[in-house]
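K.L.:
Here is how the chains run, residue by residue.
Number of protein chains: 2
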Amino acid sequence: MFQVIGERINTSRKKVQAAVADRNAAYIEEDVKKQQAAGADFIDVNAGARIGHEKEDMKWLLDTIGPIATVPLCLDSPDPAILEMAYGMVDKPPMINSISLEKDRFDTMMPFLKGKECKIIALCMDDSGMPASADDIVARTVELVTRLESIGMKQDAVYIDPLVQPISTDSVKGTMVLDAVRQIKNQYPDVHITGGLSNISYGLPERKIINRTFVTLMMDAGMDSAIIDPLDAKIMAVIRTADMLLGNDNFCMSYLKGVRSGMIKS
Amino acid sequence: MFQVIGERINTSRKKVQAAVADRNAAYIEEDVKKQQAAGADFIDVNAGARIGHEKEDMKWLLDTIGPIATVPLCLDSPDPAILEMAYGMVDKPPMINSISLEKDRFDTMMPFLKGKECKIIALCMDDSGMPASADDIVARTVELVTRLESIGMKQDAVYIDPLVQPISTDSVKGTMVLDAVRQIKNQYPDVHITGGLSNISYGLPERKIINRTFVTLMMDAGMDSAIIDPLDAKIMAVIRTADMLLGNDNFCMSYLKGVRSGMIKS
Numbered sequence: 001m002f003q004v005i006g007e008r009i010n011t012s013r014k015k016v017q018a019a020v021a022d023r024n025a026a027y028i029e030e031d032v033k034k035q036q037a038a039g040a041d042f043i044d045v046n047a048g049a050r051i052g053h054e055k056e057d058m059k060w061l062l063d064t065i066g067p068i069a070t071v072p073l074c075l076d077s078p079d080p081a082i083l084e085m086a087y088g089m090v091d092k093p094p095m096i097n098s099i100s101l102e103k104d105r106f107d108t109m110m111p112f113l114k115g116k117e118c119k120i121i122a123l124c125m126d127d128s129g130m131p132a133s134a135d136d137i138v139a140r141t142v143e144l145v146t147r148l149e150s151i152g153m154k155q156d157a158v159y160i161d162p163l164v165q166p167i168s169t170d171s172v173k174g175t176m177v178l179d180a181v182r183q184i185k186n187q188y189p190d191v192h193i194t195g196g197l198s199n200i201s202y203g204l205p206e207r208k209i210i211n212r213t214f215v216t217l218m219m220d221a222g223m224d225s226a227i228i229d230p231l232d233a234k235i236m237a238v239i240r241t242a243d244m245l246l247g248n249d250n251f252c253m254s255y256l257k258g259v260r261s262g263m264i265k266s
Numbered sequence: 001m002f003q004v005i006g007e008r009i010n011t012s013r014k015k016v017q018a019a020v021a022d023r024n025a026a027y028i029e030e031d032v033k034k035q036q037a038a039g040a041d042f043i044d045v046n047a048g049a050r051i052g053h054e055k056e057d058m059k060w061l062l063d064t065i066g067p068i069a070t071v072p073l074c075l076d077s078p079d080p081a082i083l084e085m086a087y088g089m090v091d092k093p094p095m096i097n098s099i100s101l102e103k104d105r106f107d108t109m110m111p112f113l114k115g116k117e118c119k120i121i122a123l124c125m126d127d128s129g130m131p132a133s134a135d136d137i138v139a140r141t142v143e144l145v146t147r148l149e150s151i152g153m154k155q156d157a158v159y160i161d162p163l164v165q166p167i168s169t170d171s172v173k174g175t176m177v178l179d180a181v182r183q184i185k186n187q188y189p190d191v192h193i194t195g196g197l198s199n200i201s202y203g204l205p206e207r208k209i210i211n212r213t214f215v216t217l218m219m220d221a222g223m224d225s226a227i228i229d230p231l232d233a234k235i236m237a238v239i240r241t242a243d244m245l246l247g248n249d250n251f252c253m254s255y256l257k258g259v260r261s262g263m264i265k266s
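These protein sequences, in sequence, are chains A and B. Start counting the first sequence at 1; every next residue gets the next number (our numbering). Start counting the second sequence at 1; every next residue gets the next number (our numbering).
It should be emphasised that the hints constitute simulated quantities derived from the structure, not laboratory data. What you are looking at is a predicted structure, and each value in this text was computed from that prediction instead of being measured. Among the hints, a few may not be true.
[To be verified] Label pairs and their computed distance ranges (CB to CB):
{"id": "1", "chain 1": "A", "residue 1": "Ala37", "chain 2": "B", "residue 2": "Glu102", "range": "49 to 57 Å"}
{"id": "2", "chain 1": "B", "residue 1": "Lys154", "chain 2": "A", "residue 2": "Met130", "range": "38 to 46 Å"}
{"id": "3", "chain 1": "B", "residue 1": "Gly152", "chain 2": "A", "residue 2": "Gln155", "range": "48 to 56 Å"}
{"id": "4", "chain 1": "B", "residue 1": "Gln187", "chain 2": "A", "residue 2": "Ser128", "range": "37 to 45 Å"}
{"id": "5", "chain 1": "A", "residue 1": "Gly196", "chain 2": "B", "residue 2": "Lys154", "range": "41 to 49 Å"}
{"id": "6", "chain 1": "A", "residue 1": "Met130", "chain 2": "B", "residue 2": "Thr108", "range": "43 to 51 Å"}
{"id": "7", "chain 1": "A", "residue 1": "Ala132", "chain 2": "B", "residue 2": "Thr108", "range": "28 to 36 Å"}
{"id": "8", "chain 1": "A", "residue 1": "Pro67", "chain 2": "B", "residue 2": "Gly203", "range": "24 to 32 Å"}
[Unchecked claim] Here are the simulated DSSO-like cross-link-like pairs (lysine-lysine), alpha carbons at most 27 Å apart as the crow flies:
{"id": "9", "chain 1": "B", "residue 1": "Lys33", "chain 2": "B", "residue 2": "Lys59"}
{"id": "10", "chain 1": "A", "residue 1": "Lys257", "chain 2": "B", "residue 2": "Lys208"}
{"id": "11", "chain 1": "B", "residue 1": "Lys234", "chain 2": "B", "residue 2": "Lys173"}
{"id": "12", "chain 1": "A", "residue 1": "Lys208", "chain 2": "A", "residue 2": "Lys34"}
{"id": "13", "chain 1": "A", "residue 1": "Lys257", "chain 2": "B", "residue 2": "Lys173"}
{"id": "14", "chain 1": "B", "residue 1": "Lys34", "chain 2": "B", "residue 2": "Lys234"}
{"id": "15", "chain 1": "B", "residue 1": "Lys257", "chain 2": "A", "residue 2": "Lys173"}
{"id": "16", "chain 1": "B", "residue 1": "Lys185", "chain 2": "A", "residue 2": "Lys185"}
{"id": "17", "chain 1": "A", "residue 1": "Lys234", "chain 2": "B", "residue 2": "Lys234"}
{"id": "18", "chain 1": "A", "residue 1": "Lys234", "chain 2": "A", "residue 2": "Lys173"}
{"id": "19", "chain 1": "A", "residue 1": "Lys234", "chain 2": "B", "residue 2": "Lys208"}
{"id": "20", "chain 1": "A", "residue 1": "Lys208", "chain 2": "B", "residue 2": "Lys92"}
{"id": "21", "chain 1": "A", "residue 1": "Lys154", "chain 2": "A", "residue 2": "Lys103"}
{"id": "22", "chain 1": "B", "residue 1": "Lys34", "chain 2": "B", "residue 2": "Lys92"}
{"id": "23", "chain 1": "A", "residue 1": "Lys173", "chain 2": "A", "residue 2": "Lys114"}
{"id": "24", "chain 1": "A", "residue 1": "Lys173", "chain 2": "B", "residue 2": "Lys234"}
{"id": "25", "chain 1": "A", "residue 1": "Lys265", "chain 2": "B", "residue 2": "Lys208"}
{"id": "26", "chain 1": "B", "residue 1": "Lys92", "chain 2": "A", "residue 2": "Lys265"}
{"id": "27", "chain 1": "B", "residue 1": "Lys92", "chain 2": "B", "residue 2": "Lys114"}
{"id": "28", "chain 1": "B", "residue 1": "Lys257", "chain 2": "A", "residue 2": "Lys234"}
{"id": "29", "chain 1": "B", "residue 1": "Lys257", "chain 2": "A", "residue 2": "Lys257"}
{"id": "30", "chain 1": "A", "residue 1": "Lys59", "chain 2": "A", "residue 2": "Lys114"}
{"id": "31", "chain 1": "B", "residue 1": "Lys34", "chain 2": "B", "residue 2": "Lys59"}
{"id": "32", "chain 1": "B", "residue 1": "Lys173", "chain 2": "A", "residue 2": "Lys234"}
Note that beta-carbon positions come from the ideal geometry of N, C-alpha and C, so glycine has one too.
When you get a sec, could you build the whole thing from the sequences and use the hints?
P.N.:
Next comes the structure, spelled out in structure tokens:
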């Protein structure tokens, strides 16, 4: 089944930022409970937006979320010191968001990751910028997987983000990433594919139908996880439906449950 | 770009049957104009439901539709005598719906098709019934293409219908046809893939989201045509969006036109 990483607990979102500033635990708890009820498999926690407050905000968020979390958390920070603190506060092995091939990030993240029990989101980004072709995405994936394996990480713990780029800038930006994902899943069947999707529709109107249609295509190519808003019922409905059509829902049980709960509507 | 075969002019639909029985030309004309405005690339014409009246009904329908048709027609009948009459009444080379490997149908359709300037929908059906596997679909396609080529038809004129089957009966029914379509497009890049889609959701609730999600997956596999209701704005919006994401819409022009016209909404 497709895995949903719920993206809502992020201080770049205005209401979350206000709740964190006010130490409004009830607001955060309610949001996390809603994401879990909607089917989130991980809850992303990002406290980066209040400059100078990331460490204390992350600590407060984890203190608040910990007791009610029924799923693992996705610890989202570029700062290994904050991740180290956060890693010590969670009771289920977390997902870490993220490492990339950018030298500074790579060199600080590798020592943190070594020996940790976690999953890792690995971005196909390096110091030259975004990948320029499907081959480029695949080559960066090979380097990420190889280097993460060298510190003992299993392929099944690696979540590659191929970095979706706007179709408005070039009509091949969709097929480029679809081709890359197919090649990656062919070469590394156990490696997961994840990432945000909304970049695909950047610069275009009626973005949500583009994002929903694109996740369907990406699932066909082999994407098995995404960082999305689980309270967007329409994209969740499409994900459950595509999972069924791709053979991942025996007797259509998950689909039928989604219809009965009112989440899946035509 | 994906080609839409508009399915509405079919006497198995109650209102169309009544309009045909009453010789209500205005109703038929309006329906055809709406389908064309919505983006139909072909208008299917099926007069089979009023038993004993098919020939006169088909003649009246073609007399009615001919003057206003801006796209080719898809002549839909199992009877070569009716198709022969219909073929003589159209001014653009039509699509013919359909031939199959069922012996009776095959043996009567081949002499009709020989030397005709038309496109042909070829169903992966034989006297043993529906295909049981992806390999089965591919093998039947090879036989259909080979035999149609033997009477001079070009691969580009052949529209294979792999016969979509209900996912409710077996969770592999989606991947079976997706795999087959990929293999067919790999072996015969010029052959088209078409068909109805709604069988996929037979027996399940909220069928339209299943049909829309499935057409997206089928387009990724290589389906480039379908027999649908072009007035179903939601499936048309998904088709235009998927076409853009698959690299078939330079500068997103068709997508943007769809948004401006109100057809594509999130």
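K.L.:
Compare the structure with each hint and give your call.
P.N.:
Results for each hint:
1. With their beta carbons about 51 Å apart, A/Ala37 and B/Glu102 fall inside the hinted range of 49 to 57 Å.
2. For B/Lys154 and A/Met130, the Cβ-Cβ distance of about 42 Å falls inside the hinted range of 38 to 46 Å, so the restraint holds.
3. Taken as a hint, the range 48 to 56 Å holds for the pair B/Gly152 and A/Gln155, whose Cβ atoms sit roughly 52 Å apart.
4. Roughly 39 Å separates the CB atoms of B/Gln187 and A/Ser128, a value that falls within the hinted 37 to 45 Å.
5. A/Gly196 and B/Lys154 have their C-beta atoms about 44 Å apart, which keeps the hinted 41 to 49 Å range intact.
6. In this structure the supplied range 43 to 51 Å is violated for A/Met130 paired with B/Thr108, their Cβ-Cβ distance being about 58 Å.
7. At roughly 55 Å, the beta-carbon separation of A/Ala132 and B/Thr108 lies outside the given 28 to 36 Å, and the hint is violated.
8. Distance hint check: the CB atoms of A/Pro67 and B/Gly203 are about 43 Å apart, inconsistent with the given range 24 to 32 Å.
9. A hinted pair counts as satisfied when its Cα atoms are at most 27 Å apart, and B/Lys33 with B/Lys59 qualifies at roughly 19 Å.
10. Our distance criterion of 27 Å between C-alpha atoms is met by A/Lys257 and B/Lys208, whose separation comes to about 17 Å.
11. Restraint check for B/Lys234 and B/Lys173: the C-alpha separation of about 24 Å stays at or below 27 Å, so the hint holds.
12. Straight-line distance between C-alpha atoms of A/Lys208 and A/Lys34 comes to about 21 Å, which keeps the hinted pair within the 27 Å bound.
13. This hinted pair checks out: A/Lys257 and B/Lys173 have alpha carbons roughly 20 Å apart, not beyond 27 Å.
14. Of the pairs offered as hints, the one joining B/Lys34 and B/Lys234 holds, with about 15 Å between alpha carbons and a cut-off of 27 Å not exceeded.
15. For the given pair, B/Lys257 sits about 20 Å from A/Lys173 by alpha-carbon distance, which is consistent with the 27 Å threshold.
16. Among the hinted pairs, B/Lys185 with A/Lys185 is consistent with the structure: their alpha-carbon atoms are about 21 Å apart, no more than 27 Å.
17. As the CA atoms of A/Lys234 and B/Lys234 are separated by approximately 13 Å, the hinted pair is consistent with the 27 Å bound.
18. Using a Cα cut-off of 27 Å, the hinted pair A/Lys234 and A/Lys173 holds, with the two alpha carbons roughly 24 Å apart.
19. At roughly 13 Å between alpha-carbon atoms, A/Lys234 and B/Lys208 fall within 27 Å of each other, so this suggested pair holds.
20. The hinted pair formed by A/Lys208 and B/Lys92 fails the criterion: a straight-line CA distance of about 39 Å is larger than 27 Å.
21. Of the supplied pair hints, the one linking A/Lys154 and A/Lys103 holds, its CA atoms being roughly 22 Å apart against a limit of 27 Å.
22. Between B/Lys34 and B/Lys92 the CA atoms are separated by roughly 20 Å; this keeps the pair inside 27 Å, and the hint holds.
23. Of the supplied pair hints, the one linking A/Lys173 and A/Lys114 is violated, its CA atoms being roughly 34 Å apart against a limit of 27 Å.
24. Note on A/Lys173 and B/Lys234: the hinted pairing holds, with a Cα-Cα distance of about 24 Å set against a maximum of 27 Å.
25. Between A/Lys265 and B/Lys208, the direct Cα distance comes to roughly 9 Å. Compliance with the 27 Å bound is thereby established for this hinted pair.
26. Distance restraint check for B/Lys92 and A/Lys265: the Cα-Cα separation of roughly 41 Å exceeds the 27 Å cut-off, and the hinted pair is therefore not satisfied.
27. As the CA atoms of B/Lys92 and B/Lys114 are separated by approximately 18 Å, the hinted pair is consistent with the 27 Å bound.
28. In summary, the hint linking B/Lys257 to A/Lys234 is supported, as the alpha carbons are separated by about 23 Å, within the 27 Å threshold.
29. A distance of roughly 37 Å separates the Cα atoms of B/Lys257 and A/Lys257; the hinted pair therefore is violated under the 27 Å criterion.
30. A threshold of 27 Å between alpha carbons decides the hint, and for A/Lys59 with A/Lys114 the separation of about 22 Å falls inside it, so the pair holds.
31. Between B/Lys34 and B/Lys59 the CA atoms are separated by roughly 21 Å; this keeps the pair inside 27 Å, and the hint holds.
32. Between the alpha carbons of B/Lys173 and A/Lys234 the distance comes to roughly 24 Å, so the proposed pair stays at or under 27 Å and holds.
In the structure shown, a violation is registered for the earlier hints numbered 6, 7, 8, 20, 23, 26, 29, in ascending order.
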